[in-house]
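Q: Guided by the hints, dock chain V onto chain X, whose structure is given.
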Amino acid sequence: MAFEYAPAPESRAIVDIKPSYGLFINGEFVDGQDRNKTVNPASEEVLAEVSWATPEEVDAAVKAARAAFAKWSKLDGKDRAKYLFRIARIIQERSRELAVLESLDNGKPIKESRDVDVPLVAAHFFYYAGWADKLSHAGFGVDPKPIGVAAQIIPWNFPLLMLAWKIAPALACGNTVVLKPAETTPLTALLFAEICQQAELPPGVVNIVTGAGPTGAALVEHPDVDKVAFTGSTEVGRIIARAVAGTPKRVTLELGGKAANIVFDDAPLDQAVEGIVNGIFFNQGHVCCAGSRLLVQESVYDIVLEKLKRRMATLRVGDPLDKNTDIGAINSAEQLSKIKALSKVGEDEGAERWSPPCELPSNGFWFAPTIFTGVTQAHRIAREEIFGPVLSVLTFRTPGEAVEKANNTPYGLSAGVWTDKGSRILEISDKLRAGVVWANTFNKFDPASPFGGYKESGYGREGGRHGLEAYLATH
Amino acid sequence: MPRIKVRKTYKLFIGGAFPRSESGRTFEVDGHNAALASRKDARDAVLAARAAFGKWSGATAYNRGQILYRAAEMLESRRSEFPSEEVDHAIDRLVWYAGWADKLAQVVGSANPVAAPYFNISSPEPTGVVAIVAPQSFLGLVSVIAPVVVTGNTCVVVASTLESISFAEVLATSDLPGGVVNILTGKAAEVAPWLASHDDVNGLDLTGVADAALATSLEQQAAETLKRVLRPAEVAWTDDPGTGRMTAFLEIKTVWHPKGV
Chain X
1 MAFEYAPAPE SRAIVDIKPS YGLFINGEFV DGQDRNKTVN PASEEVLAEV SWATPEEVDA
61 AVKAARAAFA KWSKLDGKDR AKYLFRIARI IQERSRELAV LESLDNGKPI KESRDVDVPL
121 VAAHFFYYAG WADKLSHAGF GVDPKPIGVA AQIIPWNFPL LMLAWKIAPA LACGNTVVLK
181 PAETTPLTAL LFAEICQQAE LPPGVVNIVT GAGPTGAALV EHPDVDKVAF TGSTEVGRII
241 ARAVAGTPKR VTLELGGKAA NIVFDDAPLD QAVEGIVNGI FFNQGHVCCA GSRLLVQESV
301 YDIVLEKLKR RMATLRVGDP LDKNTDIGAI NSAEQLSKIK ALSKVGEDEG AERWSPPCEL
361 PSNGFWFAPT IFTGVTQAHR IAREEIFGPV LSVLTFRTPG EAVEKANNTP YGLSAGVWTD
421 KGSRILEISD KLRAGVVWAN TFNKFDPASP FGGYKESGYG REGGRHGLEA YLATH
Chain V
476 MPRIKVRKTY KLFIGGAFPR SESGRTFEVD GHNAALASRK DARDAVLAAR AAFGKWSGAT
536 AYNRGQILYR AAEMLESRRS EFPSEEVDHA IDRLVWYAGW ADKLAQVVGS ANPVAAPYFN
596 ISSPEPTGVV AIVAPQSFLG LVSVIAPVVV TGNTCVVVAS TLESISFAEV LATSDLPGGV
656 VNILTGKAAE VAPWLASHDD VNGLDLTGVA DAALATSLEQ QAAETLKRVL RPAEVAWTDD
716 PGTGRMTAFL EIKTVWHPKG V
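Which chain is which? The protein sequence lines are X and V, in order.
Sequential numbering from 1 applies to the first sequence in the numbering used here.
Sequential numbering from 476 applies to the second sequence in the numbering used here.
Source of the hints: derived by calculation from the structure; they are not laboratory data.
Cβ atoms here follow ideal geometry from the backbone N, Cα and C, with glycine treated the same way.
Each statement offered as a hint is correct.
Calculated pairs, DSBU-like style, for lysine-lysine (alpha carbon to alpha carbon, straight line, at most 35 Å):
hint: 1; chain 1: V; residue 1: LYS515; chain 2: X; residue 2: LYS405
hint: 2; chain 1: V; residue 1: LYS578; chain 2: X; residue 2: LYS134
hint: 3; chain 1: V; residue 1: LYS734; chain 2: X; residue 2: LYS111
hint: 4; chain 1: X; residue 1: LYS405; chain 2: V; residue 2: LYS734
A partial selection of chain X residues facing chain V, derived with a Cβ cut-off under 7 Å:
hint: 5; residue: ARG238
hint: 6; residue: ALA241
hint: 7; residue: ARG242
hint: 8; residue: GLY246
hint: 9; residue: VAL436
hint: 10; residue: VAL437
hint: 11; residue: ALA439
hint: 12; residue: THR441
hint: 13; residue: LYS444
hint: 14; residue: ALA448
hint: 15; residue: PRO450
hint: 16; residue: TYR459
hint: 17; residue: HIS466
Here chain X is said to cover these stretches of chain V; the calculated rule only asks that three of the stretch's residues, wherever they fall, bring their Cβ under 8 Å from a Cβ of chain X:
hint: 18; region: 587-598
hint: 19; region: 721-729
So that you can see chain X by itself, here it is in the shape it has in the complex (with noise of 0.2 Å):
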């Protein structure tokens, strides 16, 4: 039975798009001289223009937040606080906006965006804004400083919620920041850099340079750059990390994933499915810590299936905009080739391919849920990063080979649990090589909760207490 809806969508009246922005640099807005077009990738129409900075734009970002630096550093923490509270607020204060601007640039939908990045990104800012004046109570040393001005360059899939995570606890600790937001998202972040003026935040302490790799290159390479936090692919991680080798430069990296959700045969079905369909269509599965590997205990695997389709067949896909919408647009044309050619791959290697019957719109970038069974750890589909909204099905038969295989990558970002038993979540808990591990749960998260991985998903950790020390010169 299939249920119809009329279209509930949110109006996109709030938000006020300008033609064409320019790069943020010591508190005002100055013209860039690459342009270049955001596009909505629900319709392909053009959002607005953006300035791609050059190498001399982000030397004067650099510069900018270097000179900030010198006053912001030795602002009291608890008027650092302040400034961040002031954010944080705006940012409540304009949710909807953010939200609605969010969907369009980003291709989310708007029950994402309006219920989970922004009010986390407002509560990213609260949390570290309250640590602003408690930083000797951090277990860094009793006069814990800064360390001076921070590269920071984000991803496009949670693109406001990334700006939160690297700003907010750089800000906190004293650091001034030069943030890159990725090419194909930089609307939110621009209006991030209008909150941070209507919040009076002193010139060149946020700066902000939109473009493309090549502006991140020249930032991670700027000698004047004392921290890298990057989050983006293991790939491009590789090379900052690389690029840094023999600098005195910090370096944060929050890199890819393939994550195993695990499913026991004394799971809760019905919930585990609820958390199958969340850790691997969330967000159309943009998301590095997506549970892209469904490990199945064979006693369970038909039933499981079963109850999985028939989920699938009731999600929503379009219109991000649309209130009921489950499913959005694919980032962009690049990200939606990428998914499509792995998903040959698991095509012509032999697994099987399944989609519910879904019309997808005509314009954008689209890609039905999709599930892939028959799948062995050999075959690429179960090895790689697809980022998109495709699940990997494997089975399995005891607790030691669920573990084998999960740890069988060299990711280690999160894992998925589902089981009624507590001392396996425990045990399973303590031998899954990954960061986060969600035990009949999934994709959640919490400023005050750490988030990072193990192995080839990078090193440091966002969040909590922990995500201060890689803003403090701890050593």
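A: Frame of chain X, contents of chain V only:
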């Protein structure tokens, strides 16, 4: 007539055994022929360290602390084999780190007050296999090995002193499982690149690398598998070491579970 002394042969320390270098090579150190480790020895040592990791990281913290304390006891009883100006500090350093085994998780772990009904806890876990280029001094050697293994990592150490092998004998009689510490005597410039580029090494401690160009190139190689890297540093080994050498090779794992469902 004076007794003819029985001399010691200085060999490598891999997987709890003392093999010669598979290459058959030696180099002269203080009038003795020490084994000159090769690429193959480095790979064997990584295999041994990986094989030991599961059991050692799964041992109780109390047990690891006891074993490190035992190493301090063994060093005390063999103190005459080590530089007299360093051995007291080295013994004390082992005792100090031994005590950290069952305390560090309480200092660096946390229960996290998330804004939803979830149990949420963060705990430190060892990074895995750590390759260490040891500093020349004996106290330095002990001060880089102890913090890496007390938390449950296993390691492959590149050293160039005879004391490093005498220290291996201390470890071998301390109930330390074979493979937890592997010591290769040789040239850092020859052996360390194989460790820095090894896919099954998770961390790299470059403290003992004196040559800046070598350090940079090792860090670049480590980037390929995103190893955790501790850069070279001038260290005053008698200073309070702090917890930094332990936390450099720890991962924080955060576990969530719903409450009330």
